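> Build out the structure end to end from the sequences listed, making use of the hints.
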Amino acid sequence: MQLELQNIKKSYGESDNRIEVLKDINLSVEKGEFVVLLGPSGSGKSTLLNIIGGIDNADSGKIIIRGKSMSDMDDKSLTNYRREHLGYIFQMYNLIPNLTVRENIEVGAYLSKNPLDIDEIMGVLGLAEHQNKIPSQLSGGQQQRCAIGRAIVKNPDILLCDEPTGALDYKTSKEILSLIEEVNQKYGNTVIMVTHNDAIKNMADFVVKLRDGVIRKSYRNEAKQKAEELDW
Amino acid sequence: MKNPLNKRLFRELKSDIGKYIVIFILLVLSIGFVSGFLVAGESMIKAYKESFEKYTIENGNFRSEEKLTSSQKEWIEQRGITVYENFYIEKEFNNETTIRIYANREEIDKVCVMDGRLPEKNGEIAIDRMYAENNGLRIGDELSEEGNGYKIVGLVALSDYSALFYSNNDMMFDASAFGVAVVDKEQFEEYLDDGIRYNYSWLYDEEPEDEIQEKDLSDELMEAIAQKVSLENFIPRYLNQSITFTGEDIVGDKAMMEVLLYIIIIITAFVFGITINNTIHKEACVIGTLRASGYTRNELIKHYMEMPLIVTIISAVIGNILGYTFFKNVCVDMYYGSYSLPTYVTIWSSEAFFKTTFIPLVIMIAITHVILRKKLSLSPLKLIRRDISGKKQNNAIKLGNSIRFFDRFRIRILIQNKSSYLILFFGLFFANVLLFFGMMLPPLLIHFQGVVTQSMLAKHIYLFQVPAGAIDTQDQLSAAFSYIFYQNKISTNNPDAEKFSAYSLKTIGENGARVEEVTLYGVIDDSRYIQTDFDEKTVLISSAYEDKYGLKKGDVITLKEPYEDKYYGFKITGTYDYDGGIAVFMSKKHLNETMGLDEEYFSGYFSDSEITDIDSKYIGTTIDEETLTRVSRQLMISMGNLMYMVDGFSIILFIVLIYLLSKLIIERNVQSISMVKILGYSKKEIALLYIMPTAIVVVASLLISYPILSYVMVGVFRVMLKQMMSGWLIIWLDPSVYVKMFLMGLVTYAVTAIIEYRKIGYIPMSEALKNVE
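Same order as they appear, the protein sequences are chains L and H.
Counted the way the working numbering counts, the first sequence spans residues 1 to 232.
Counted the way the working numbering counts, the second sequence spans residues 1 to 773.
All the given hints hold, so there is nothing to weed out.
Ranges of calculated distance between the beta carbons of each label pair, as one might list FRET restraints:
#1 H:Gly18 / L:Ala199: 47 to 53 Å
#2 H:Ile708 / L:Lys76: 44 to 50 Å
#3 L:Lys68 / H:Glu351: 51 to 57 Å
#4 H:Val712 / L:Glu20: 51 to 57 Å
#5 H:Gly680 / L:Lys68: 54 to 60 Å
#6 H:Arg11 / L:Lys76: 29 to 35 Å
#7 L:Asp231 / H:Ile415: 44 to 50 Å
With the Cβ distance kept under 8 Å, some of the chain L side facing chain H (calculated, not the full set):
#8 Asp56
#9 Arg82
#10 Glu103
#11 Leu111
Just so you know, the hints here were simulated from the structure itself, not pulled from any lab data.
Quick caveat, the model's predicted, so the values are computed rather than measured.
For each residue, glycine too, the CB sits at the ideal point set by N, CA and C.
Structure, rendered in structure tokens:
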């Protein structure tokens with residue numbers, strides 16, 4: 001078992017304004033699985049992803065990663081945990097504006113003792129010809145590819161993706177999803193992707209549907225589709 | 001693997017070159033200017049201190065009516081000193097100045113040749129460098145008096161005249177009207193029948209250990225010499241203003257510069273603080289993402305500290321180079337413009353380095369580190385969401401619909417950017433502090449001249465110089481005779497003349513205050529000049545005394561006999577309107593009684609017309625308009641250059657701060673500006689929304705800062721002047737200075753606003769689409 005969530009609860013606000021965002025979430029993820037957290041806005045999916053990523057805290061409950069409880073980790077250990085095991089992709093790319101594509105990917109490589117080959121990654125991501133461009137010279141899709149490169153170059157155990165196609169058009173979205181799928185298959189990372197796009201669930205190994213902070217449904221996807229076959 | 005973030009540094013520098021250039025200028029100027037000043041000051045002080053040994057500066061001098069006989073000289077030298085002839089003659093030259101001419105000195109008070117050479121034959125003269133400069137004289141020029149012409153062959157500094165005091169009793173020197181010079185010995189021989197002054201300098205065989213011992217020794221010496229010689233003058237070195245004034249003043253200047261330095265350090269630290277803050281605001285999402293990816297807080301703190309550190313270090317290096325070259329020369333010129341100092345050697349000043357480079361660097365590291373640590377302690381999530389204020393968003397402040405939409409919009413911008421505007425206010429305040437500092441002194445000095453002239457006790461005050469032999473002799477009978485003789489010499493037929501007695505005491509330096517001289521005037525009954533009824537208990541202090549020490553009626557002032565353990569207490573019964581000095585007024589009878597002087601004793605005359613029938617050798621000090629304003633005039637000369645430099649510096653600082661802070665506010669609102677552009681607002685409308693609030697804040701900040709400034713700066717000036725100077729300058733703030741400062745602030749802002757207005761035009765609409773939550 002790579003990741004296990006036990007009784008995760010999270011709320012925001014105080015007294016009358018208190019909103020329970022996550023209500024007793026339990027979840028187990030196997031190594032190498034492609035997990036999709038699906039739900040409408042406000043369902044708590046991004047909060048759950050952030051808690052898994054160690055950038056937000058649960059009010060109660062336990063997160064166990066590779067047999068180790070995250071609740072026992074202090075700030076420094078959490079940073080180390082992210083450094084060694086996690087890769088992050090956001091809806092917004094948050095690239096460093098004055099570094100080139102290659103250098104932005106190096107930013108991720110720097111964090112790893114055994115990073116993947118940057119040229120290979122750029123090849124996989126189709127960025128080789130753009131490697132000396134700065135982010136403002138790239139399209140949205142290219143910028144997101146670069147962000148993916150930055151996340152995967154350190155070969156993380158778990159790749160967390162928060163609406164990675166949220167700001168992209170249909171065609172580019174499918175390209176990005178294909179890339180993430182390829183990364184998952186090629187490098188064997190566990191992928192946890194948050195989306196509100198129902199169609200994306202079809203490419204997942206494991207689908208978790210959230211609404212109002214509760215897992216309404218979770219299941220292993222027996223009829224897994226390739227990203228390029230998706231349609232919405 | 002090297003941290004790839006380092007690759008950003010050069011590009012960061014390139015992309016925000018304007019910001020870094022202004023910070024660089026600010027730092028280079030601060031470090032260069034202050035280190036130049038301190039290095040010059042220390043080099044000068046070292047040259048000054050070393051000159052005592054290097055040029056064998058006398059331990060004192062005395063002047064006798066006649067030339068000493070060899071037996072007199074021998075007898076005096078048995079008192080533990082070596083006596084050297086140091087005769088001089090004073091000549092009025094055709095340029096209406098007086099020069100005291102000495103024969104070239106070889107054994108004592110040696111001469112430092114600054115330019116040219118020493119005179120070698122008749123008709124040649126080497127004059128004081130500063131006197132030459134003030135009178136536009138150069139080597140090769142001719143100086144003439146009563147038919148005699150002298151060719152100037154050298155510019156010199158006489159080691160016992162670093163400040164060109166004509167008389168040791170003068171409140172201030174005047175290096176335009178009085179100078180010193182040396183001529184060849186042969187030339188000097190020719191003067192021997194021509195009113196030569198038999199001045200002798202002495203050196204102790206054993207140097208006294210401290211001033212108290214020096215005072216005892218010199219007192220004994222004076223009494224001893226007076227028994228054998230008719231003394232006209234007797235000045236031990238520690239009382240000789242021509243020698244000691246310079247050293248004291250350079251140290252005083254340093255104190256002022258340090259105040260300035262601390263203001264600059266605060267401003268610099270503050271500029272770094274806002275720059276860092278701005279960077280974090282701008283890059284919050286990136287920082288959050290990097291943190292989420294596993295970058296540690298320390299790695300990011302280190303990264304964001306690199307640029308300010310590099311800029312500071314480069315600025316420090318260049319600042320120090322300029323400090324030791326350009327600025328040092330400027331400051332040295334300033335000192336040479338005030339004093340007749342000998343040549344100097346630039347010294348490495350560890351103090352200057354510590355204060356101007358090390359401390360700002362440490363402060364910069366500390367401030368940036370604290371701000372970065374605080375901001376980066378926010379969770380990566382908060383950073384990604386740009387939720388970096390650290391506070392929860394309160395409900396929007398209600399603004400009534402009766403307020404026009406544009407006004408409401410602007411109020412919202414003011415509220416939204418309140419922290420930036422607060423920073424802007426403090427920035428402008430600090431820049432104003434410096435500007436105020438530089439701009440208020442010249443009018444204050446001019447005003448002081450006017451006030452002093454108006455409140456003069458009399459147009460002329462003559463204080464006698466008691467020939468040392470006349471009273472301090474142990475033989476009472478001969479003392480009485482000499483006293484009668486002396487009384488006869490100091491009578492006048494001038495009907496305006498009014499006798500008064502005077503006595504000098506010193507303040508006791510309470511709470512670390514500077515010890516200074518207080519003149520006590522004893523006034524006759526029904527005086528025409530001090531129009532107050534004096535009874536036995538009346539003790540009035542001068543308004544300057546009252547203002548300087550914050551004294552009031554009923555307070556008791558304690559004064560002491562200089563270098564003696566004798567104290568006097570006076571209860572203040574009122575104030576007399578006199579701004580010309582630190583003085584106490586009482587009846588003549590009261591003063592003479594208190595000081596144990598004869599009832600008839602008097603020390604000088606007040607007179608509205610010049611007294612011409614007393615030999616000048618009996619007059620020690622004359623106080624008239626010229627002497628009273630000499631202090632402020634000399635201050636204008638010696639501090640004028642410094643003030644202009646401070647003005648220039650603060651104007652640059654003002655521009656830098658307004659530019660940086662306005663830039664910051666526009667940069668923080670780039671997305672909103674982009675958004676309103678998309679909505680269809682014109683550039684002008686956007687300027688009205690985003691530039692106008694800043695303009696309002698600038699104007700309000702300027703207006704609010706003036707009363708605070710006045711209050712604070714008067715306090716600072718009081719403390720500074722109290723530490724720096726004897727006597728007192730009435731602190732007066734020229735209202736026109738405020739107008740000038742305000743206009744300058746507005747013009748500076750207008751220029752910045754134009755730059756920002758253009759910048760608004762360049763903000764792309766796509767900006768609004770980036771990083772939307």
